[in-house]
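Chains Z and F, in that order, give the protein sequences.
In terms of the working numbering, the first sequence has 92 at position 92, counting the first letter as 1, and numbering is strictly consecutive.
In terms of the working numbering, the second sequence has 1127 at position 127, counting the first letter as 1, and numbering is strictly consecutive.
These are calculated hints, taken from the structure and not from any lab test.
Heads up, the beta-carbon is just placed ideally off N, CA and C, and yes, glycines get one too.
One or more hints might be untrue.
Mimicking DSBU-like on lysine-lysine, the simulated pairs with C-alpha atoms at most 30 Å apart in a straight line are [what the hints assert, rightly or not]: (1) F/K1128 - F/K1029; (2) F/K1009 - Z/K129; (3) F/K1046 - F/K1128; (4) F/K1059 - Z/K63; (5) Z/K100 - F/K1029; (6) Z/K100 - Z/K11; (7) F/K1128 - Z/K123; (8) Z/K11 - Z/K99; (9) F/K1128 - Z/K11; (10) F/K1098 - Z/K129.
Stretch-level coverage of chain Z by chain F, calculated; a stretch enters the list once three of its residues show a Cβ under 8 Å from a Cβ in chain F [unchecked claim]: (11) 31-41; (12) 63-69; (13) 117-131.
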Amino acid sequence: MATVNNLLLHKGKDVWSVQADSTVRETLQLMGEKNIGAVLVMENQKIVGIFSERDYARHASRKGSMLLEEPIHSLMTHSVYYVSPVQTVEEVMALMTSKKIRHLPVMDNERLVGLISIGDVVKQIMSDKETTILGLENYILGRDYSG
Amino acid sequence: MATVKDLLKAKFTQVWYVTPTSTVSDALKLLAEQQIGAVLVVEAGKIVGIFSERDFARKALLPEVNLGTPVGDLMVRGVYYVTPDQSVESCMAMMTAKRFRHLPVLEDGKLVGVISIGDVIRQIMSEKDSTIQSLEDYIWVHMI
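Generate coordinates for the entire structure from the input sequences, incorporating the hints supplied.
In structure tokens:
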């Protein structure tokens, strides 16, 4: 069964982050350039939050303002769930589904080693299922032909 | 193999939309209230665009954009759509290729629902699971 580690091998370990005192403007700029939906927010090399397109839309709506010069720490989501590289993609999927989150940082002994999205996870699970189906079909055909 | 029609049956399909003259603020409020990521933009009964959290985040930096800007200025035009008899796999292919999370469903030019990438994935996963189940059953019954 595939683990988070397998995912990171495929997608690389690039993690985009901003500092907690970065402005919303700087953060949106980075997200646009990298075409990503969320970034991690760091302070003293520790994750202190995550900021997504959804966070921005919700805050702007609630405050009735574009908030472009606000520091990102006032808009980010504080409670960041994370996973470890040895967890299975199924566990990750379950966590993302139950918490309704699209992105999870990957921590290896308190060291940030990646950020995975629901898209990465789904792709992996789909391809695992495909492989299982192919294996079962081959097993059946193989036995039929030899027998 | 499941079609878009099956997906629409399985979920309660309330389609949320705004008009091109609605403000960004109106659209964001609707997204928040309904906990959705995108709304259709409809004018005189026709879909003219779609507006998502991503569109807002990407265009917020343009100097002329604020919460009073009409959605018509920020929406993505030329919306792709699917029809009820299309296979769920074909929707998945379109969503993956174009990186869409939502697709409107049109029947004879009329809007009958919206499907999300979540709906599509759930359906495909459950089909794969039942394929695996029946292959395993076959092996138990016929081969062991």
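Now the hints, each set against the structure:
Between F/K1128 and F/K1029, the direct Cα distance comes to roughly 37 Å. Violation of the 30 Å bound is thereby established for this hinted pair. With a C-alpha separation of about 25 Å, the suggested pairing of F/K1009 with Z/K129 holds against the 30 Å cut-off. Between F/K1046 and F/K1128, the direct Cα distance comes to roughly 36 Å. Violation of the 30 Å bound is thereby established for this hinted pair. Taken as a hint, the F/K1059 and Z/K63 pair is honoured in the structure, with Cα atoms around 18 Å apart against an allowance of 30 Å.
This hinted pair checks out: Z/K100 and F/K1029 have alpha carbons roughly 19 Å apart, not beyond 30 Å. A threshold of 30 Å between alpha carbons decides the hint, and for Z/K100 with Z/K11 the separation of about 22 Å falls inside it, so the pair holds. Between F/K1128 and Z/K123 the CA atoms are separated by roughly 13 Å; this keeps the pair inside 30 Å, and the hint holds. Straight-line distance between C-alpha atoms of Z/K11 and Z/K99 comes to about 23 Å, which keeps the hinted pair within the 30 Å bound.
Proposed proximity of F/K1128 and Z/K11 is supported: the alpha carbons are some 24 Å apart, at most 30 Å. A threshold of 30 Å between alpha carbons decides the hint, and for F/K1098 with Z/K129 the separation of about 23 Å falls inside it, so the pair holds. Counting residues of the region 31-41 of chain Z whose beta carbon lies closer than 8 Å to any beta carbon of chain F gives 3, which reaches the threshold of three, so the coverage claim holds. Counting residues of the region 63-69 of chain Z whose CB lies closer than 8 Å to any CB of chain F gives 4, so the stated coverage by that chain holds, three being the minimum.
Using a Cβ-Cβ cut-off of 8 Å, 5 residues of the region 117-131 of chain Z lie near chain F, which meets the minimum of three, so the contact claim holds.
The earlier numbered hints that this structure contradicts are 1, 3.
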